[in-house]
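Undergrad: From first to last, the protein sequence lines stand for chains A, B and C. Residue 356 in this note's numbering sits at position 344 of the first sequence, and the numbers go up by one each step. Residue 791 in this note's numbering sits at position 153 of the second sequence, and the numbers go up by one each step. Residue 123 in this note's numbering sits at position 94 of the third sequence, and the numbers go up by one each step.
It cannot be assumed that every hint is accurate.
Here are the computed lysine to any residue pairs in the SDA-like style, where the Cα-Cα straight-line distance is at most 20 Å [to be verified]:
{"no.": "1", "chain 1": "A", "residue 1": "K249", "chain 2": "A", "residue 2": "V223"}
{"no.": "2", "chain 1": "A", "residue 1": "K168", "chain 2": "A", "residue 2": "A256"}
{"no.": "3", "chain 1": "B", "residue 1": "K818", "chain 2": "B", "residue 2": "M859"}
{"no.": "4", "chain 1": "A", "residue 1": "K273", "chain 2": "A", "residue 2": "E196"}
{"no.": "5", "chain 1": "B", "residue 1": "K718", "chain 2": "C", "residue 2": "T308"}
{"no.": "6", "chain 1": "A", "residue 1": "K249", "chain 2": "A", "residue 2": "S260"}
{"no.": "7", "chain 1": "B", "residue 1": "K718", "chain 2": "C", "residue 2": "E296"}
{"no.": "8", "chain 1": "A", "residue 1": "K249", "chain 2": "A", "residue 2": "E350"}
{"no.": "9", "chain 1": "B", "residue 1": "K718", "chain 2": "C", "residue 2": "T307"}
{"no.": "10", "chain 1": "C", "residue 1": "K479", "chain 2": "A", "residue 2": "E196"}
{"no.": "11", "chain 1": "B", "residue 1": "K718", "chain 2": "C", "residue 2": "D295"}
{"no.": "12", "chain 1": "C", "residue 1": "K479", "chain 2": "A", "residue 2": "W197"}
{"no.": "13", "chain 1": "B", "residue 1": "K834", "chain 2": "B", "residue 2": "M859"}
{"no.": "14", "chain 1": "C", "residue 1": "K237", "chain 2": "C", "residue 2": "M143"}
{"no.": "15", "chain 1": "B", "residue 1": "K818", "chain 2": "C", "residue 2": "N43"}
{"no.": "16", "chain 1": "A", "residue 1": "K168", "chain 2": "C", "residue 2": "G440"}
{"no.": "17", "chain 1": "B", "residue 1": "K818", "chain 2": "B", "residue 2": "H849"}
{"no.": "18", "chain 1": "A", "residue 1": "K296", "chain 2": "A", "residue 2": "V223"}
{"no.": "19", "chain 1": "B", "residue 1": "K818", "chain 2": "C", "residue 2": "L45"}
{"no.": "20", "chain 1": "A", "residue 1": "K168", "chain 2": "C", "residue 2": "L494"}
{"no.": "21", "chain 1": "B", "residue 1": "K718", "chain 2": "C", "residue 2": "R201"}
{"no.": "22", "chain 1": "B", "residue 1": "K718", "chain 2": "C", "residue 2": "L197"}
{"no.": "23", "chain 1": "C", "residue 1": "K243", "chain 2": "A", "residue 2": "W197"}
{"no.": "24", "chain 1": "A", "residue 1": "K168", "chain 2": "C", "residue 2": "L498"}
{"no.": "25", "chain 1": "B", "residue 1": "K818", "chain 2": "B", "residue 2": "V699"}
{"no.": "26", "chain 1": "A", "residue 1": "K273", "chain 2": "A", "residue 2": "G116"}
{"no.": "27", "chain 1": "A", "residue 1": "K273", "chain 2": "A", "residue 2": "L165"}
{"no.": "28", "chain 1": "A", "residue 1": "K249", "chain 2": "A", "residue 2": "S276"}
Rather than coming from a laboratory, the hints here were simulated on the basis of the structure.
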Amino acid sequence: MDGVAVGSLYALIALGYTMVYGILQFINFAHGDVFVLGAWVSFAAAGAVGLSVGDQTAVPAWLVWLLGAVSAGALAAALYEFVLRPRLGAGRPPATRLTWPLAGVSVVGWGTLLLLVATRGVVAGGSHTIAGGMILVLAMSTCGLVGFCLERLAYKPLRSAPRLNVLITAIGVSLLLQNLGQLEWMFGTRPDRMPTLVPDTVLFRIGHVPVRLVDVMVVATALVLMVLLDWLVFRTKMGRAMRAVSFSPTNAALMGVDVDKVISFTFVLGSVLAAAAGFLYGQKYPGLNQTAAAGWVLLGLKAFVAAVIGGIGNIRGAMLGGLLIGLLEFFAVQYVPEGASLRDIFVFGALILVLLVRPSGVLGKAVTEKV
Amino acid sequence: MTRIPSQPGPALLDVRGISISFGGLRAVQDFNLTLPGGRLHGLIGPNGAGKTTVFNLLTGVYAPDTGTIDLGGAPLDGLKPSARAAAGLARTFQNIRLFPDLSVLDNVRIACHLRTTGSMAGAMLRSASNLGQERAILERARELLAMFDLLDRQHEDSRGLPYGDQRRLEIARALATGPKALLLDEPAAGMNPQEKVELRGLIRSVMERFHVAILLIEHDMGVVMDICERITVLDYGRTIAEGTPAEVQRDPRVIAAYLGDPADPATGE
Amino acid sequence: MTLPTPTARREAPNPLMERAAALRGSGGMAAVRGVAPVLVALAVGLLLHFAIAPQLPEFYPRVILDIGINVILAVSLTMVNGFTGQFSMGHAAFMAVGAYTAATLVYYGSARLMGTADFASARAHAGVLSTMLQGREAAFFTLGDGIFIVALLAGGIAAAVCGYLVGLPSLRLRGDYLAIVTLGFGEIVRVIIQSQTTDTLYDVEVIKATPWPKLMRYMGGPVGFTGLPSYTSLFWVWSLTVVTLVVAFRLKVSTFGRAFLSIREDEIAAEAMGVRTTTYKVRAFVIAAFFAGIAGGLYAHTIGIQLNAGELAFMKSFDIIIMVVLGGMGSISGAAIAAGILTVLPEALRRPPPVDLPWFLLVMAAAWVAALLLIRRPKWWLIAVTALGAAYAWWQQPTLASPLMFWTVAGSGVLILLFAGRRVPGLIGLAIAVTCYIGVRSAAERAGIKLSDYRMVLYALALILMMILRPQGFFGVRELWTAWRVQPLHPRRSRAEGGESGTAGRVPTA
Numbered sequence: 013m014d015g016v017a018v019g020s021l022y023a024l025i026a027l028g029y030t031m032v033y034g035i036l037q038f039i040n041f042a043h044g045d046v047f048v049l050g051a052w053v054s055f056a057a058a059g060a061v062g063l064s065v066g067d068q069t070a071v072p073a074w075l076v077w078l079l080g081a082v083s084a085g086a087l088a089a090a091l092y093e094f095v096l097r098p099r100l101g102a103g104r105p106p107a108t109r110l111t112w113p114l115a116g117v118s119v120v121g122w123g124t125l126l127l128l129v130a131t132r133g134v135v136a137g138g139s140h141t142i143a144g145g146m147i148l149v150l151a152m153s154t155c156g157l158v159g160f161c162l163e164r165l166a167y168k169p170l171r172s173a174p175r176l177n178v179l180i181t182a183i184g185v186s187l188l189l190q191n192l193g194q195l196e197w198m199f200g201t202r203p204d205r206m207p208t209l210v211p212d213t214v215l216f217r218i219g220h221v222p223v224r225l226v227d228v229m230v231v232a233t234a235l236v237l238m239v240l241l242d243w244l245v246f247r248t249k250m251g252r253a254m255r256a257v258s259f260s261p262t263n264a265a266l267m268g269v270d271v272d273k274v275i276s277f278t279f280v281l282g283s284v285l286a287a288a289a290g291f292l293y294g295q296k297y298p299g300l301n302q303t304a305a306a307g308w309v310l311l312g313l314k315a316f317v318a319a320v321i322g323g324i325g326n327i328r329g330a331m332l333g334g335l336l337i338g339l340l341e342f343f344a345v346q347y348v349p350e351g352a353s354l355r356d357i358f359v360f361g362a363l364i365l366v367l368l369v370r371p372s373g374v375l376g377k378a379v380t381e382k383v
Numbered sequence: 639m640t641r642i643p644s645q646p647g648p649a650l651l652d653v654r655g656i657s658i659s660f661g662g663l664r665a666v667q668d669f670n671l672t673l674p675g676g677r678l679h680g681l682i683g684p685n686g687a688g689k690t691t692v693f694n695l696l697t698g699v700y701a702p703d704t705g706t707i708d709l710g711g712a713p714l715d716g717l718k719p720s721a722r723a724a725a726g727l728a729r730t731f732q733n734i735r736l737f738p739d740l741s742v743l744d745n746v747r748i749a750c751h752l753r754t755t756g757s758m759a760g761a762m763l764r765s766a767s768n769l770g771q772e773r774a775i776l777e778r779a780r781e782l783l784a785m786f787d788l789l790d791r792q793h794e795d796s797r798g799l800p801y802g803d804q805r806r807l808e809i810a811r812a813l814a815t816g817p818k819a820l821l822l823d824e825p826a827a828g829m830n831p832q833e834k835v836e837l838r839g840l841i842r843s844v845m846e847r848f849h850v851a852i853l854l855i856e857h858d859m860g861v862v863m864d865i866c867e868r869i870t871v872l873d874y875g876r877t878i879a880e881g882t883p884a885e886v887q888r889d890p891r892v893i894a895a896y897l898g899d900p901a902d903p904a905t906g907e
Numbered sequence: 030m031t032l033p034t035p036t037a038r039r040e041a042p043n044p045l046m047e048r049a050a051a052l053r054g055s056g057g058m059a060a061v062r063g064v065a066p067v068l069v070a071l072a073v074g075l076l077l078h079f080a081i082a083p084q085l086p087e088f089y090p091r092v093i094l095d096i097g098i099n100v101i102l103a104v105s106l107t108m109v110n111g112f113t114g115q116f117s118m119g120h121a122a123f124m125a126v127g128a129y130t131a132a133t134l135v136y137y138g139s140a141r142l143m144g145t146a147d148f149a150s151a152r153a154h155a156g157v158l159s160t161m162l163q164g165r166e167a168a169f170f171t172l173g174d175g176i177f178i179v180a181l182l183a184g185g186i187a188a189a190v191c192g193y194l195v196g197l198p199s200l201r202l203r204g205d206y207l208a209i210v211t212l213g214f215g216e217i218v219r220v221i222i223q224s225q226t227t228d229t230l231y232d233v234e235v236i237k238a239t240p241w242p243k244l245m246r247y248m249g250g251p252v253g254f255t256g257l258p259s260y261t262s263l264f265w266v267w268s269l270t271v272v273t274l275v276v277a278f279r280l281k282v283s284t285f286g287r288a289f290l291s292i293r294e295d296e297i298a299a300e301a302m303g304v305r306t307t308t309y310k311v312r313a314f315v316i317a318a319f320f321a322g323i324a325g326g327l328y329a330h331t332i333g334i335q336l337n338a339g340e341l342a343f344m345k346s347f348d349i350i351i352m353v354v355l356g357g358m359g360s361i362s363g364a365a366i367a368a369g370i371l372t373v374l375p376e377a378l379r380r381p382p383p384v385d386l387p388w389f390l391l392v393m394a395a396a397w398v399a400a401l402l403l404i405r406r407p408k409w410w411l412i413a414v415t416a417l418g419a420a421y422a423w424w425q426q427p428t429l430a431s432p433l434m435f436w437t438v439a440g441s442g443v444l445i446l447l448f449a450g451r452r453v454p455g456l457i458g459l460a461i462a463v464t465c466y467i468g469v470r471s472a473a474e475r476a477g478i479k480l481s482d483y484r485m486v487l488y489a490l491a492l493i494l495m496m497i498l499r500p501q502g503f504f505g506v507r508e509l510w511t512a513w514r515v516q517p518l519h520p521r522r523s524r525a526e527g528g529e530s531g532t533a534g535r536v537p538t539a
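Here chain A stands alone, though its shape is the one from the complex (with noise of 0.2 Å):
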């Protein structure tokens, strides 16, 4: 049970990467690091929020900054809108490049804050697992922000740079998300202990695996977000133009689409579903570790290799290859001996065997090159 949990953790986050990689054919080694913000974040909430087992009660004083600035700029952008344009006359352009992402920004960022304080009222009357409810939100809106902030910043100057300097930009972005992390005024470098929203209960037994709780709860939200992915990418608009860039951006663009907007898009659903898998991941393994820290790094990697041997590009692949990825770790651990040191490589293993045989993944499907 535990490999199916864990699996579809790696499938939400893999998910992550296959999009990303899906529209820009770029790794975007920085996706990990989102996952553990996501998990880092719904333990300042769960603290901002009261839950805390420790004396963290206030607002972080980081979300603070982000949303003061963020509102700021929104302010500044919607002064200019509408109140200095009208006068300058019709002949200025609009600043609704800067307008609408500043505002919708600012909307989410004070959104998460009134949701914060909700929360705090949940919990004082309390129902955790409602809290528990409105963390994830918390988080997921948290990271869907970062990773906004992160395409417009770090990878949009670089769309036609070779892919060499997009993945190392990316790397950097890794660094520098973990590097904040580890300040004293962010999360520090200590680690911490993820407040547990359910009861550790077993519910009921298949053979001798017991199925606990929190499996239960893990892999109940990461389906519903998976099909919820699956709805959005295959039966919406946003769904049918974010397929058509990752088919070819230029004649996505020429057909009308709006090709940067959709790249942010992915971005922040990608950095959503990776939020959560954060927060369910404090949930089944709550001693979290500092941002910096190696186990993390190659956490990220797995969903990666998950990814890759889902066919990269291919959603449904990522998911797959999470579940399959989850399971072989765990029946690594359970039948081979000293399994448990040797699981990695059963991971990169199957990678490399993956790749070998079929080298666009399970589900991929094959490119060549035109002469």
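With chain A held as given, fit chains B and C onto it using these hints.
TA: Relative to chain A, chains B and C alone:
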């Protein structure tokens, strides 16, 4: 199919019955070609007729489903492109594929590489034979560049060259491999009329100086009809005509392929 | 030199090689050319080791040593990532293979050959050449040194074998997929090493009684290989660095180097021009892995290093990749300089060296003027703003060392990098960047912020900014001595749309 009586002289490049399909599309069907040394053969046809696919089959980028390819009596089947280049088959590309960040000189010098025999250790120690090899390569590359009027641009990055120069550099680079047969894929594309006239002269002089057989894909009929001794016409992957320029121009099937079949109401005028 | 050759291509008469035989150099000069780099390498090593290192403050020789190791790593990775354009993300694994091979050989080899209880003590067994300990009486060259150098070579060879094994999949895979496989390989190497037993043997009698294959398991596992003698010295590191550089340069300018580069530029065209791309990709991996293995051996025996495979995981690989990309793809000097800067930068951020402000200001001003003159279209408004700022600063306080003056110049430097970062020649941009860093530092000091807390954050930011402002790296694809030439980023290609131009449908006419 109208088989034209075979050419006099031994065939240098002998292609028999090659075909390839991609999925359901029969890109090239039963293509035959007999190209004696020192001759110039044209390959024409409307867009998408499979001309470049023929080149890719000859040079080993694709493996044909059926058929055989011999060069100078030795079979090329199953060899990699590099081995075919070593056997004496050189090509240019329809959409220019130079080495963009390398200098003009280096572009040509790379093509000399396959005729070298030294070892890497020799290069690291800079042995006497390695030095001689480098000097010979430099000399050869400069000769070729001089012949193609590119010597004064030898240190520029090839990506910065004007279009016509890039085309000519591709030919120079192909010649540096020391080929027996040269496949030119639309060398005149994108050239202005003046450059096209020069190109004709250049192709002729290449044939005379290097004694290579040339297979030429070209859309500019002025160039093709002027310099080719024989022409093969492809349409939808099939050979619809082969013969001298005069014969090909009179062939009703060729005219139909280019103008549309008068019997076909969809394309008739 | 006539070799029996397997391929058909050399049977034909080869005018090029006949000409080459006529042009070959003299044997005597060839011998000189072969030996000279070794002599230079030894000279550089000896000079650093005996003349320069003792003059420096305590901490510096170690940094210079780290630079050397990183230069070897960066230059070797350049041969794969920069020359052939194959993207390897597992370079640290080769380093790990070399490190552990060399460490095992040195540790257990010393135990067997020396048979004394203190076999793992560099203090007891290192020659003068192989120690970073100053003022120690010892023989010039000892058994310990001999074991060390043999172990280094063995480490290189072991890594090269791994390089061959990793290079093989590159025959099948391209681009990102190859990168992922190399990454997976790196992780597998790490896990294998870490899953071994945690013990190292230290009793000489026990070691002598244990056969070699079994000894190979006692490498410390997840704890790390403890108690290695620290033989690595400035002499060994920098001699080998020079050798690496010379080999890389000679390879790059030879016909083989051009074959490598052609694969990076256009693999299909390279193959069509007769370059056996698969062979050369594997060769690049093997050569690169060999030098990485040597660097690993050097790293393992560095004083103060606890050899641990966890340290040689993909983050280390990324560090090396960053050096290669910052240097510029395929630029050896660029990679070497980037390696130097990236080694010094974290240290400099940790403990800032004392800075003489006026001196830096002069360097800055010179770099600034050069940058403004060399970019294709000089930014006149920038010049005007800076001149005004400088005049105002002078009017306020007639000295070059005033904070205001400094900020004016540093600020304009930042602007230059922002607006013309892609076009400023590498070295000058570098000088400007360094001065900007000094400016940030002094500002932080004034504001009471401890910059060392933020060093990794700053490092990450610098990396991102560098990628955005100057994607081609310090020198682009060029070398240091040609980098002054301003590189056209957007080529003036008067290219009509290629492809089958619209002549179809025209009747063939004579």
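Undergrad: Need the status of pair K273 of chain A, L165 of chain A: alpha-carbon distance at most 20 Å?
TA: Distance of about 14 Å is within 20 Å: holds.
Undergrad: Quick one, are K718 of chain B and D295 of chain C close enough, alpha carbons at most 20 Å?
TA: 16 Å, holds
Undergrad: Run the distance test for K249 of chain A versus S276 of chain A: straight-line Cα separation, threshold 20 Å.
TA: Roughly 15 Å separates the two Cα atoms, so the pair holds.
Undergrad: Run the distance test for K718 of chain B versus L197 of chain C: straight-line Cα separation, threshold 20 Å.
TA: Status holds; Cα separation ~17 Å.
Undergrad: CA of K818 of chain B to CA of L45 of chain C, is that 20 Å or under?
TA: Holds, because 15 Å separates the two Cα atoms, which is no more than 20 Å.
Undergrad: Do the alpha carbons of K834 of chain B and M859 of chain B lie within 20 Å of each other, as the hint requires?
TA: Within the cut-off at roughly 11 Å; holds.
Undergrad: K168 of chain A and L494 of chain C were given as a pair; does the straight-line alpha-carbon distance stay at or below 20 Å?
TA: At roughly 13 Å apart (the allowed maximum being 20 Å), L494 of chain C and K168 of chain A satisfy the hint.
Undergrad: Please verify whether K249 of chain A and E350 of chain A have alpha carbons no more than 20 Å apart.
TA: Not OK: K249 of chain A and E350 of chain A at ~50 Å, beyond 20 Å, violated.
Undergrad: K296 of chain A and V223 of chain A were given as a pair; does the straight-line alpha-carbon distance stay at or below 20 Å?
TA: 13 Å, holds
Undergrad: Is K818 of chain B close enough to H849 of chain B, meaning Cα to Cα at most 20 Å?
TA: 7 Å, holds
Undergrad: Holds or violated: are the alpha carbons of K273 of chain A and G116 of chain A at most 20 Å from each other?
TA: 13 Å, holds
Undergrad: Is the straight-line distance between the alpha-carbon of K243 of chain C and that of W197 of chain A 20 Å or less?
TA: 50 Å, violated
Hint violations for this structure: numbers 1, 3, 4, 8, 16, 23, all remaining hints satisfied.
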